[in-house]
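Make a model of the complete structure from these sequences and hints.
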Amino acid sequence: MAGGFVYNAIDQTEVATAEIYGKAIADIMQKDPRVVAITADLAKSTKLGDVLKTCPERVINVGIAEQDMFGVAAGMARAGCIPFLSGFSAFTSMRACDQLHTDICYQNVNAKIIATHSGTSFGQAGSTHHAIVDLAITRAMPNLTVIVPADGFETANAVNAAYENVGPYYIRINRGFDRVLYDNMDYGFEVGKAVELHEGTDATIIACGSCVFQAREAAKFLENADGLKVRVLNMHTIKPIDKDAIVKAVMDTRRIITVEDHSTIGGLGSAVAEVMAQAGKGCAFKMLGHPDKFAPIGLQEDIMSEVGIDSNGIIAAVRELMKMDFEEDDNWDDEF
Amino acid sequence: MSLTKQEWLALEKKAHELRKLCLQTTQWAGSGHIGGGLSVLDLLTVLYYKYLNIKVEDPQWEDRDRFILSKGHAAIAYAPVLCDKGFNDPEMLKTFNLSGSKMGMHLDSNKVVGVDASTGSLGHGCSIAAGTALAARILGKDYLTYVVTGDGELGEGSNWEAFMTMNHYELSNCIVFIDRNHCMIDGPTEEVMKLEPLADKMKAFGFNTVTVNGNHIDELCDAIDAAIARSKEKCAPSCIIMDTLKGAGIKDIAGDYHCHYMALDDDTFARYNKQLDEDYAERVARVEKEAK
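First to last, the sequence lines map onto chains A and P. Mind the numbering: the first sequence is residues 3 to 338 in the working numbering, read in order. Mind the numbering: the second sequence is residues 39 to 330 in the working numbering, read in order.
Read the hints as simulated data drawn from the structure, not as lab findings. Model, not experiment: these values are computed from the prediction. The beta carbon of each residue, even a glycine, is placed where N, CA and C say it ideally should be. Mixed in with the good hints, there may be bad ones.
Unchecked claim - Which bits of chain A does chain P cover? Going by a derived footprint, with three or more residues having C-beta under 8 Å, they are:
| no. | region |
| --- | --- |
| 1 | 58 to 66 |
| 2 | 72 to 85 |
| 3 | 106 to 119 |
Listed below in structure tokens is the structure:
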């Protein structure tokens, strides 16, 4: 396990995911004077309360000015600081897109972006505050590592990994509480390596972020109700994506469903499809996510249900996919 | 007056050499942003040959002063300076803007030695400069950060975000130059998008603001000396508005917004070279008259 920052199960259930970021960054800043936290009037929302108490001189608030936040971070990083920027995903990916592209990624600086309130986790705020295109944007940025943690433990692991590795990171976390997936931080988190949460050979669900818990619940249900063995992969790293795990899932299970709280254009599903297509190993495939339209307004769980990225939606999609007849042999030449 | 006659003449000579090299680079490249390059060449000269605390043998020296060319298209003037200083092989200038070169139209800080920030998309440099200056405070360094932005570039709102940050954090260790050449691609600034009263705007944003002739080396040095003196204390940031001519030094194009980006044929190149020599003679005469 990387890093020395350990959170227990009580933290996980009593502390919102962004607060775990707040604790992780506070720990890092205590031990490394090069680390700074930068925010655009969202110190409270992005849970910088602890560092405001312990290292206030290293919390830079630029006001409501995301473009400036990214430029300031790039300047600080080139001068030897390790800036962690935190803001809402919608604005870190879109309002400051040019600065992310040019100041952070083109210059390949050691800056870490903590993009909170991702997907539809701030669902009631409406489409201005939904981030359902940010993975499409950030995934295309050269040099940028993109991680979508599935719960608080994974957020702590991702923040530690971002600190320990040089280069720009985009870590996309949710507003509020995430459903608990892991018992602790010690499950073998590694950037770029998917985590198998449920074994299976009938189909594979590849999910990220808030959809991972839903995918695992769906797999448990399908095993009990339908006798299906469904593999669940937590694809926490969107870039660089775990190509081996995807190709293995194609070969082993011949059916893949991707699930994400993001547009089906350009996100996790697209990334998986690109790997499959380039490997020349196709299989039955379905992408769950937001269709090519803005998401409805409401609580995240209601939106996820309506869009079909909750466990019910995933179960229905797996059942539909199981109706597709794929050969079980190893002869790929007659699949198409 | 901060310069001795000898210093002033030496800087004029260097500025002249660099203007010639800028013109030559434009010819090698086939075309280039010669207008906006020439308007800031006097500033580049005084910074790189008088003020910047840098080490050519150690370009990444962590205590060095930083310079950020927010108007990244002036690279056609900046690249000759970085080569002449010894950061890069002058032969590279012959590849400027050509396929496969490390020197593109806008310089890449990861490819061209001595460049502190990759710029080109306008309106980015001031925020990077603010971050660089903030980092000095946090890391306990006393280096200075210099940034130059174009005047038309100020249409990008991100500049004003950066100015608010510089003011809020009292970044007197950051000196902002505005290249007020009054020209944009589509015409004079006041016709395309009104900027005046620019000095009042900068003052309203909290800057200690002065306006100087940016193509007058001694005036520039006076303003920089004052800004450096102010940098010793944490206080309002400094802004030096440089009244300049786009295409400065070449009579045919000086002050004309059409010289933003030009291709040069051989006859034009020769004529502009001659005009640079004539301009240099006038500048030397001015030094003789004004210097003490």
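Discussion item. Tell me the numbers of any earlier hints that the structure contravenes, in ascending order.
Written reply: none
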